[in-house]
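S.K.: One-letter residues, chain by chain:
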Amino acid sequence: MFRFRLDGSSGVPPYLQLVHQVRQSLLLGYLEEGDRLPTVKDVAADLAINPNTVVKAYRQLEHEGLAGGRPGQGTFITATSSTALPEEQQVLRASLEEWLRAVEEAGLDEEAVTALIAVARQDMKKEKV
Amino acid sequence: MTQNDTGGNIPALRTDRLGRRYGRVWGLRNCTLEVPAGVIAGLVGPNGAGKTTLLEMIIGLLQPTEGQLSVFGETSHAPMAARLAQVGYVAQDHPLYRDFSVGDMFHLGRAMNPSWDQKLALARTDALDIPLKRKVKSLSGGQRAQVSLTMALAKRAPLLVLDEPVSSLDPVARLEFMREVMAAAAGTGLTVIIASHVVSELERFCDWLIVLTGGHVQLAGPADNLIAAHRLLTVPRATTDAELPGLPVHRTDSDRHSSVLVRADPGRRAVQERPGWQADPVGFEQLVMAYLQRPSKSAARDDTAQAAARPGPNTKAVTR
Amino acid sequence: MIWVSWRQHRGQAIACLAVLAALAVYAILLGTSMRTAFGHDALTACLARSQGTACPAAIQAFTNRFGSEVNIAFWSVVLIVPGLIGVLVGGSLIARELEYGTWRLAWSQTVPRARWLAVKLALVTGGLIVLGAAMTGVITWYRAPMDRLTGHLQHNIYDFEGLVLTAYILSAFGFAVLAGLLLRRSIPAMVAAFIPWLAIRLVVEFVFRDHFLAPLTTTVNCTQVCGEGIGFVPQATGRIGDLVLSINGNVVTYQPADRFWTFQFIEAGIFVALTAAALGATIWLLHRRAA
Numbered sequence: 163m164f165r166f167r168l169d170g171s172s173g174v175p176p177y178l179q180l181v182h183q184v185r186q187s188l189l190l191g192y193l194e195e196g197d198r199l200p201t202v203k204d205v206a207a208d209l210a211i212n213p214n215t216v217v218k219a220y221r222q223l224e225h226e227g228l229a230g231g232r233p234g235q236g237t238f239i240t241a242t243s244s245t246a247l248p249e250e251q252q253v254l255r256a257s258l259e260e261w262l263r264a265v266e267e268a269g270l271d272e273e274a275v276t277a278l279i280a281v282a283r284q285d286m287k288k289e290k291v
Numbered sequence: 213m214t215q216n217d218t219g220g221n222i223p224a225l226r227t228d229r230l231g232r233r234y235g236r237v238w239g240l241r242n243c244t245l246e247v248p249a250g251v252i253a254g255l256v257g258p259n260g261a262g263k264t265t266l267l268e269m270i271i272g273l274l275q276p277t278e279g280q281l282s283v284f285g286e287t288s289h290a291p292m293a294a295r296l297a298q299v300g301y302v303a304q305d306h307p308l309y310r311d312f313s314v315g316d317m318f319h320l321g322r323a324m325n326p327s328w329d330q331k332l333a334l335a336r337t338d339a340l341d342i343p344l345k346r347k348v349k350s351l352s353g354g355q356r357a358q359v360s361l362t363m364a365l366a367k368r369a370p371l372l373v374l375d376e377p378v379s380s381l382d383p384v385a386r387l388e389f390m391r392e393v394m395a396a397a398a399g400t401g402l403t404v405i406i407a408s409h410v411v412s413e414l415e416r417f418c419d420w421l422i423v424l425t426g427g428h429v430q431l432a433g434p435a436d437n438l439i440a441a442h443r444l445l446t447v448p449r450a451t452t453d454a455e456l457p458g459l460p461v462h463r464t465d466s467d468r469h470s471s472v473l474v475r476a477d478p479g480r481r482a483v484q485e486r487p488g489w490q491a492d493p494v495g496f497e498q499l500v501m502a503y504l505q506r507p508s509k510s511a512a513r514d515d516t517a518q519a520a521a522r523p524g525p526n527t528k529a530v531t532r
Numbered sequence: 015m016i017w018v019s020w021r022q023h024r025g026q027a028i029a030c031l032a033v034l035a036a037l038a039v040y041a042i043l044l045g046t047s048m049r050t051a052f053g054h055d056a057l058t059a060c061l062a063r064s065q066g067t068a069c070p071a072a073i074q075a076f077t078n079r080f081g082s083e084v085n086i087a088f089w090s091v092v093l094i095v096p097g098l099i100g101v102l103v104g105g106s107l108i109a110r111e112l113e114y115g116t117w118r119l120a121w122s123q124t125v126p127r128a129r130w131l132a133v134k135l136a137l138v139t140g141g142l143i144v145l146g147a148a149m150t151g152v153i154t155w156y157r158a159p160m161d162r163l164t165g166h167l168q169h170n171i172y173d174f175e176g177l178v179l180t181a182y183i184l185s186a187f188g189f190a191v192l193a194g195l196l197l198r199r200s201i202p203a204m205v206a207a208f209i210p211w212l213a214i215r216l217v218v219e220f221v222f223r224d225h226f227l228a229p230l231t232t233t234v235n236c237t238q239v240c241g242e243g244i245g246f247v248p249q250a251t252g253r254i255g256d257l258v259l260s261i262n263g264n265v266v267t268y269q270p271a272d273r274f275w276t277f278q279f280i281e282a283g284i285f286v287a288l289t290a291a292a293l294g295a296t297i298w299l300l301h302r303r304a305a
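Residue numbers (the working numbering), protein chains in the order written: chain C, 163 to 291; chain P, 213 to 532; chain Z, 15 to 305.
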């Protein structure tokens, strides 16, 4: 059975953590099309989280086309690892990894990166106006 | 099941200007809120804020001094037995009769509750490896907590009230306890109200939030909506409150800038972009802490706090 | 709810049974011994002929042998025993729930607290009545030979026969239950109930009892046996069992022996009324606090 984990101090909302874990597992090949995700009750009991949060995560997965529920049977993965991430995003992801490596070599930490991105975005918006 | 259904179903809890006085001191005042069925609500506040007062009125251990209260439609004027049947309760410190065996406690449950589900009680203690013959005084703290929880769950009431259920437990026992609560809530439509003064752990448990300080409600509503309705703004120090695109809840001033938690008014537009301004979403814990630190005498703001928190057309959850 | 009340008081019930058993053992030993001596000394025949004047030596020997249990020390201890039983059972009835916080468990089940209390009180009161009756029965049985010499209107004996022993226990119990609700702590409740109970007990016995009904007077010629008190067989009135209140020259003021049951009813009535008032107040206060 696929088991989730929860990082209580990450700042990322629990339901999003679940969604990310499914997407990541798909990309890494640990989840395949047709695999059944654990029931809401199992996840809620396993992680000690609100079952409504699990429901929300599963709905989000449905919305993104990664998983779907079959009435009476459970929730199943509907995507493949290639459809998990559209091609354009894969290209973007590759260039992002390059940039992140450069940033690391330059010695910037998380907050500096976030600030950098925020400033760049603002500048871009000003340019548009 | 999430957020917005207050229509149709009878809410698990509805209060209207509920108040309780002890002598000359008001333990709770002007409390107006609603908790829909099926949510897990966190009742947060420092010790002495009025959490236990509110919970005891919900359960039926205390009568209101003023205002109204109804639990699944049963008001505080309904017959006592009907009111008591609706709520399963685990008090702080998990009181049990120390000389009773676990089996004796279940016998008590059966004798005092027509809706008692003995099979459920036995199944739970079986799964947790708690022998029926053992006396309560020989149980560990975590086991006592589990037995208390079993007593409340086997009553099969639609509302479960937990008053600081894990504050006396070690971390492993805490996890075990909350696991059982979450599992019990899954799929049964059980409504849960958890009172706590430990904010950091609530995000994973609660989808509805009530913040109480000094006997007054500071914030109440669906957690997602409340978080979406707030922003953490970084603004120049000189910015006045009036210039802010929302009601300031908490402000921290540095030399050149200020960090302000604002509640966006439903009518106003989203945070306006300005040079030197930055808007970030607020985390669950940040939000609660900000409201906990507000002075408690903000009766005028209570109504707007709840108005903003109630689901409305402009406050849908924002995908991050 | 009956099972719950029983289970909560099971320990106390066993302790009371143990006390009763100990008393019964003592009573059987002493009672059998007394009956043997009574028969042996042919006291029955003597009493059939006279009110004790025909065999003063035999009577003296008998009372010397078995009379020690009526001395002051014994009596003081036994005076407080019914009160102790009552407060020990009653003091913790409500107070222990409040002390240990189990009221939050007990009163959030589907039984309204007024009913919870009513069933408990009914069961425990019933148990105490049975205990009181049993203790009275045991004591009355073993004392029967001695009572034939002294009657049972005398102060010490009267307290353990008839109805009053049970009534003493019940009234102490009632006070303690009420004190437990008001003070919320078991031991202080027991103390706070015992003191007024003892005060009332002593006042009723020493101030009021002798005058429940107007005493009678008679004139006698006092030659040998003319005194007040339990040691005199017969009493100054010439009859066994009368309670002599005072002797003025030749005039004896007394309560006749046949008023025993009337007095018992009056005194028991006083204490039962006190019990009802205390328990009624408790139920009313508890109900009102819930409202």
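Source of the hints: derived by calculation from the structure; they are not laboratory data. Virtual Cβ for every residue (Gly too), placed ideally from N, Cα, C. Check each hint, because a few of them may be wrong.
Derived CB-CB ranges, DEER-like [to be verified]:
{"no.": "1", "chain 1": "Z", "residue 1": "Glu-113", "chain 2": "P", "residue 2": "Gln-330", "range": "28 to 36 Å"}
{"no.": "2", "chain 1": "Z", "residue 1": "Ala-287", "chain 2": "P", "residue 2": "Leu-387", "range": "56 to 64 Å"}
{"no.": "3", "chain 1": "P", "residue 1": "Gly-353", "chain 2": "C", "residue 2": "Glu-273", "range": "38 to 46 Å"}
{"no.": "4", "chain 1": "P", "residue 1": "Gln-330", "chain 2": "Z", "residue 2": "Ala-148", "range": "31 to 39 Å"}
{"no.": "5", "chain 1": "C", "residue 1": "Asp-169", "chain 2": "Z", "residue 2": "Trp-17", "range": "28 to 36 Å"}
Chain Z residues, not near chain P, derived (Cβ > 10 Å throughout) [what the hints assert, rightly or not]:
{"no.": "6", "residue": "Tyr-114"}
{"no.": "7", "residue": "Thr-124"}
{"no.": "8", "residue": "Pro-126"}
S.K.: Does each hint hold? Answer for all of them.
M.R.: Cross-check of the supplied hints:
1. Z:Glu-113 x P:Gln-330: 28 to 36 Å: For Gln-330 (chain P) against Glu-113 (chain Z), whose Cβ atoms are near 30 Å apart, the range 28 to 36 Å holds.
2. Z:Ala-287 x P:Leu-387: 56 to 64 Å: Holds: the Cβ-Cβ distance is about 58 Å, inside 56 to 64 Å.
3. P:Gly-353 x C:Glu-273: 38 to 46 Å: At 41 Å between Cβs, range holds.
4. P:Gln-330 x Z:Ala-148: 31 to 39 Å: holds, 37 Å
5. C:Asp-169 x Z:Trp-17: 28 to 36 Å: Since Asp-169 (chain C) and Trp-17 (chain Z) have Cβ atoms about 49 Å apart, the given range 28 to 36 Å is violated.
6. Tyr-114: violated, 7 Å
7. Thr-124: Incorrect as stated: the minimum Cβ-Cβ distance to chain P is 5 Å, not above 10 Å.
8. Pro-126: Answer for Pro-126 (chain Z): violated, closest chain P Cβ roughly 4 Å.
The structure shown violates the earlier hints numbered 5, 6, 7, 8.
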